[in-house]
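Colleague: Below, each chain spelled out in residue letters.
Number of protein chains: 2
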Amino acid sequence: MEKMKIAILGYGNLGRGVEFAVGQNDDMELTAVFTRRAPETVKPQGHIPVYHVDELLKKKDEIDVLVLCGGSATDLPEQTAEYAKYFNVVDSFDTHAKIPEHFARVDRAAAEGGKVAMISVGWDPGMFSLNRLYANAILREGSDYTFWGKGVSQGHSDAIRRIAGVKNAKQYTVPVESALEAVRNCENPQLTTRQKHTRECFVVAEEGADKARIENEIKTMPNYFADYDTTVHFITEEELQRDHGGIPHGGFVLRTGKTGKDGEHNHVMEYSLKLDSNPEFTACVLTAYARAAYRMNREGMQGCKTVFDVAPVYLSPMTAEEMRSKLL
Amino acid sequence: MEKMKIAILGYGNLGRGVEFAVGQNDDMELTAVFTRRAPETVKPQGHIPVYHVDELLKKKDEIDVLVLCGGSATDLPEQTAEYAKYFNVVDSFDTHAKIPEHFARVDRAAAEGGKVAMISVGWDPGMFSLNRLYANAILREGSDYTFWGKGVSQGHSDAIRRIAGVKNAKQYTVPVESALEAVRNCENPQLTTRQKHTRECFVVAEEGADKARIENEIKTMPNYFADYDTTVHFITEEELQRDHGGIPHGGFVLRTGKTGKDGEHNHVMEYSLKLDSNPEFTACVLTAYARAAYRMNREGMQGCKTVFDVAPVYLSPMTAEEMRSKLL
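Residue numbers (the numbering used here), protein chains in the order written: chain A, 1 to 328; chain B, 1 to 328.
Simulated from the structure, these hints should not be mistaken for laboratory data. All residues carry an ideal CB built from backbone N, CA and C; glycine is no exception. A few of these clues could be false.
Beta-carbon label-pair distances, calculated as ranges [to be verified]:
#1 B:Ala38 with A:Glu101: 57 to 67 Å
#2 B:Gln190 with A:Ala38: 48 to 58 Å
#3 B:Gly263 with A:Ala212: 35 to 45 Å
#4 B:Glu239 with A:Glu299: 54 to 64 Å
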């Protein structure tokens, strides 16, 4: 069997995760890592050649799918549309509000190149989106709920670190258990921001810093913390490294709905993820959709696709017969 | 907007559920119910014409999708292949071991007729299968678990009713909470049949019947009960009707897996359903896949399909743009 040739652009936590994920799939191999840094400073876990991004187009024939591992703020809005002209690509673009715009730009590029470009692949957007779609298509009269956590929010951790006197910080988003239970009990609660999630902050203060001021600045920060019940714990750098070194995340997607002559029957559909490593799990999803991008393009499909456009059969290395006998 | 014309063959609990489900979807209408009984004895909830099944082919042009609401034991093995020659069809064939054979026969018929035939649509097979596939494609190194219940097993209830001295009975399949917790904690337990589910039976005995003998016959019944911890409660017919009149079901699909350099990160993917009415929920799934069958056939697709072959975008009445902005 000839293996799918996967390349990575960007070797941070996500790129490293894709390297691990490709290693778990017999039908693909990682042929190259591309970076904007000096290639000699990037050290993959395996014996994978590292090239500067300027070499990317020269390696065109050695790449079946390019997995874009940059960030949604500045990298992907440029990279995905640029490289979709030349490669089947997959990205994890997760700025929900800007997806329609990103889709349109990438779709033009992928159509021009005759390639498949999968955008917004991961768990939210991604697996959570799929569950919202399936549940909405099935339970037509009902309510949707998405809860995130318990998990590390990078954006909120960064916001705390920008406060004067803060040396380091980690912020966890935590779903409110009683709100989850009310949803599961089909109480159809109308939940405010404060009622859905709490925020828990672990902060390392600089020596002599005014902790009361820091705590107050965190708790009153607009958009990030003011609308939530926020807890602040001051700890040492050693404690932060020891107890809060990981990047866990996860969450819950629920839809409750009614059926029957008079809506007398309640139904609860629930999907949840509990992830020790947010980037490594996201990388696994990207890798499955890289397989789909390759197969769909080989069948003649092209243009921008999201998880909604991908028949599940394209994601698994099994044959369709195996899937039907083992998984159906 | 022209509405999709849906017809039902077989008007039991499932057919009735499809009637309700179609009523929750603005883009479709129920145009006819077909039955093998005397048509005048079948009373849909709405003003829907009822015809004998012998009239089905004559109504060919008034039907976009025929939803087959018969049973998997004897109805669907004949009906799906027969009608896939003339109609886009959807069935809920759920004899897992015979799916490959059913698929092959239906595929020939649907290809012959140029139609789309969706088989094994519901929640297991169906939504549970999808979750097994997605989770397996993403977490490549891991373990799968499916738990059913708490819910009514019709087959087990029937088996109890066949025992001499039993007037009526209802059997619940119940997942073992501690086993579920062990899976969620990534303990990768090897679970025996007994460790996964218990069986709870509510039995109405005939007057003067030997309850000890009935209880013993239930608990030692091979295949059905002998491998399980089974509880038997004797109750009155009134209690059975009052407290156990529904057809609830549900269950859990879990996959746990490892990622990272040395598999140091655990991940848990969990999907669960809690359904007040098994047939009405199944009917909602059938109805969503009826929409997909119609749309896929209009795009030129044909042959037998399962939930694995259907891109999620075909299931929702929303436009692709709406889905991307509201659900992704």
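Colleague: In this structure, is the beta-carbon distance linking Gly263 of chain B and Ala212 of chain A contained in 35 to 45 Å?
Modeller: 44 Å, holds
Colleague: Range first: 48 to 58 Å. Now tell me if the beta carbons of Gln190 of chain B and Ala38 of chain A are that far apart.
Modeller: At roughly 49 Å between Cβ atoms, Ala38 of chain A and Gln190 of chain B fall inside 48 to 58 Å, so the hint holds.
Colleague: Is the gap between the beta carbons of Ala38 of chain B and Glu101 of chain A within 57 to 67 Å?
Modeller: 60 Å, holds
Colleague: Is the distance from the Cβ of Glu239 of chain B to the Cβ of Glu299 of chain A consistent with 54 to 64 Å?
Modeller: Holds, at about 58 Å.
Comparing the model with each numbered hint stated earlier shows that all of them hold.
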